[in-house]
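Engineer: Produce the complete structure using the sequences and hints provided.
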Amino acid sequence: MNRRAQIFQEYLQENNIDCFNAEEINDELNTTAFRSHMEIAGQRIPLVVILDDSIYGMLRLQIAPKALKEINKQAILEYINELNRQYKVFKYYVTTDGDLCLDCCILCEAEQANGPMVYTVMNVILTHLTEEYPVLMRKVWAE
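Here numbering that gives the first Met the number 0 is used: the first residue of the sequence shown is 0, the next is one more, and so on.
Calculated from the structure, these hints are not laboratory results. Treat the hints loosely; a few may be bogus.
With a straight-line Cα cutoff of 27 Å, these simulated DSS-like cross-link-like pairs (lysine-lysine) come out [what the hints assert, rightly or not]:
1. 87 with 72
2. 65 with 87
3. 138 with 90
4. 65 with 90
5. 90 with 72
6. 68 with 138
7. 68 with 90
8. 138 with 65
9. 87 with 138
10. 138 with 72
Computed Cβ-Cβ distance ranges for the label pairs, DEER-style [what the hints assert, rightly or not]:
11. 68 with 41: 21 to 27 Å
12. 141 with 20: 30 to 36 Å
13. 123 with 65: 24 to 30 Å
14. 22 with 84: 32 to 38 Å
15. 34 with 110: 18 to 24 Å
16. 14 with 141: 38 to 44 Å
17. 21 with 115: 15 to 21 Å
18. 61 with 25: 34 to 40 Å
19. 88 with 108: 37 to 43 Å
Beta carbons are placed, not taken as given, at the ideal position from N, Cα and C, and that holds for glycine.
Structural biologist: Below you can see the structure in the form of structure tokens.
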């Protein structure tokens, strides 16, 4: 496990946060993924905190798998573009498989992981999604 991941895991343990499962990826960046989920409107939204040997930490949420269809494509893309203009801390995008995702990049100092910052950003995302998730899903389900 890379040093940032060790520090983040220590932060989780010290604060009795037990909702993450760590997975070492064994790639060239020595990546560790901390998997969990957020409860939004009764749905479990997959969440992963990705820490590696680069200067970047990443929070990634899969908002809706296979969300983008021809019938809703324009509405979804226009809406997430509007959200991306409003929010600096995270960005929405659609994968090549049509999954609607949200990413947040956090800069990490040399061999450090700022657990309180990661947790604060997760709370900002939780507050945001509590408001926006129903709107996003109406666009996904639109016909």
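Engineer: Give a verdict on every hint.
Structural biologist: Each hint tested on the structure:
{"no.": "1", "hint": "87 with 72", "verdict": "holds, 23 Å"}
{"no.": "2", "hint": "65 with 87", "verdict": "holds, 25 Å"}
{"no.": "3", "hint": "138 with 90", "verdict": "holds, 17 Å"}
{"no.": "4", "hint": "65 with 90", "verdict": "holds, 18 Å"}
{"no.": "5", "hint": "90 with 72", "verdict": "holds, 17 Å"}
{"no.": "6", "hint": "68 with 138", "verdict": "holds, 11 Å"}
{"no.": "7", "hint": "68 with 90", "verdict": "holds, 20 Å"}
{"no.": "8", "hint": "138 with 65", "verdict": "holds, 13 Å"}
{"no.": "9", "hint": "87 with 138", "verdict": "holds, 22 Å"}
{"no.": "10", "hint": "138 with 72", "verdict": "holds, 9 Å"}
{"no.": "11", "hint": "68 with 41: 21 to 27 Å", "verdict": "holds, 23 Å"}
{"no.": "12", "hint": "141 with 20: 30 to 36 Å", "verdict": "holds, 34 Å"}
{"no.": "13", "hint": "123 with 65: 24 to 30 Å", "verdict": "holds, 27 Å"}
{"no.": "14", "hint": "22 with 84: 32 to 38 Å", "verdict": "holds, 34 Å"}
{"no.": "15", "hint": "34 with 110: 18 to 24 Å", "verdict": "holds, 22 Å"}
{"no.": "16", "hint": "14 with 141: 38 to 44 Å", "verdict": "holds, 40 Å"}
{"no.": "17", "hint": "21 with 115: 15 to 21 Å", "verdict": "holds, 18 Å"}
{"no.": "18", "hint": "61 with 25: 34 to 40 Å", "verdict": "violated, 22 Å"}
{"no.": "19", "hint": "88 with 108: 37 to 43 Å", "verdict": "violated, 18 Å"}
In summary, the structure is inconsistent with hints 18, 19 from the numbered list given earlier, while agreeing with the others.
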